[in-house]
Amino acid sequence: MSGFRFLVNGAPAEVDVSGMRRLLDVLREDLGLTGTKEGCGEGECGACSVLLDGQVVDSCLVPICQVEGRIVRTVEGLSLAARERGDLDTLQEAFLEHGAAQCGICTPGMLMAARAYLDAGGPPDEEAIREAIAGNLCRCTGYTKIVDAIAAVASPVE
Amino acid sequence: MPAEPPIDVPLHLFEAYERLAVRPAPVPIAGGTDIMVRITGELGEIPARMLDLSRVTALKGITLDTGALVLGAATTYTEIRRSALCRAHLPALVEAAATIGAAQIQNRGTLGGNIANASPAGDTLPILLAADARILVGGQRGEREIQASEFFTGYRQTALAADELILHVTFPLPAGREIRFRKVGTRRAQAISKVVLALAWRGGGPSFGWSDVRVALGSVAATPIRAAATEAVLEGARPTPEVADRAAETLAGELVPIDDVRSTAEYRRMVAGRVLHRLLREAGGW
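Chains as they are written, first to last, in the numbering used here: chain A, 1 to 158; chain B, 1001 to 1286.
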């Protein structure tokens, strides 16, 4: 056991756990951030996607010792800035408007994969968006509405 | 909850070597895309001890050496895809990296991990074989270089000793060499290959045949393999329709794949032949 320190959604966090504890378990069990979901637990479904130093990763595949000193962003962090205004993140709004969430289990991970794509300046191009969320399985929507929602928020290529 | 075996986090290579020299040797982890699945206990034995490689900077980096591209073992697939050096000198590896998993896996999974995991379906491995890559490994006993063609010794078995780490991979860049890559899976992302093929050759213009032909495949045997009989058909030949027919037929006859959950032996033989035929047709421009 030893302490691991990192930033979660802009706030410092410190946990005293085994270095091989999954980031997913630290977020859900130790920090109470249950927005991140466990789907398959083996890096197939993307439900547990979070941003690690801005890159989308499956938190079920990241041991906490590798998170020391790094920046984690979860679905709870998406609306953090917006919530002060009583709002959701524009991406979350777009998911609502387009009916991009049904049962909801994939939604937090889908939002984070989409956020990574948008933060990297991804264009509203269907093919590119589909590649960006290819690691996130959804069994309800058929993806079309999710792709539409992401495209609605993406900035057109200048 | 998955097991949480003890893990050491060395900052330097010599510290990692020290930890690996202890028996039983800890299991190294870099991107974790294969190893983290093992701590669930659903896929064989849970490692007793782990060794984190993520802080060892000596394992990172992509450099152009004299006539060769050198990739640190901890280079991620995303880094390969974004690397201007890889795009310019080894586009087939960039293509292979793009077919592995999806963004979440590419951001974490490493070239060295793909090699050490030694899955017969490892998507970069046929590229290593086709490119005559050399794998530098090291430990307290010193460093040694292993030819990719001699690295995979059996089903998930490698020439790497328990006290050694993969340090970097050297891809020679001979003049005029071309490499083509094709992966066939159930879907484009997140799919483990049914057949994966890399074809390399050096061309000598219209009046000369191909030389140094390599045909390397994954998912069709216990290890990534080269297809020697098919290479012999193509060596000195040119990619004409007749040559392509003969090479594809030879390949389908040469392979001895198995039936498993992802595909059948029959399908793999047929598709490997078709994929090679397609690559030859593209190379021949007909």
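Check each hint, because a few of them may be wrong.
Said to hold, decoys possible - If the Cβ cut is set under 10 angstroms, some of the chain B residues that face chain A in the computed set are: (1) Pro1006; (2) Val1037; (3) Glu1042; (4) Gly1044; (5) Glu1150; (6) Arg1187.
These are computed hints drawn from the structure, not numbers from a lab.
In this text, all values refer to a predicted model and were calculated from it rather than measured experimentally.
Just so you know, even glycine gets a beta-carbon here, dropped at the ideal spot from N, CA and C.
inquiry  = Quick check on the hint: B:Pro1006 CB to chain A CB, less than 10 angstroms?
reply    = 7 angstroms, holds
request  = Report holds or violated for the interface hint on B:Val1037, using the least CB-CB distance to chain A and a cut-off of 10 angstroms.
outcome  = Since the shortest Cβ distance to chain A is 5 angstroms, the answer is holds.
key: B:Arg1187 as an interface hint toward chain A, with CB separation required under 10 angstroms   = Holds - the Cβ of B:Arg1187 comes within 10 angstroms of chain A, reaching about 8 angstroms at its closest.
ask   = Should the interface hint for B:Glu1042 be scored as holding, given a Cβ-Cβ cut-off of 10 angstroms against chain A?
value = 8 angstroms, holds
Hint validity - B:Gly1044 Cβ closer than 10 angstroms to any chain A Cβ = Hint violated; B:Gly1044 Cβ to chain A Cβ min 13 angstroms, cut 10 angstroms.
query = Does the CB of B:Glu1150 sit less than 10 angstroms away from some CB of chain A?
reply = 30 angstroms, violated
Hint violations for this structure: numbers 4, 5, all remaining hints satisfied.
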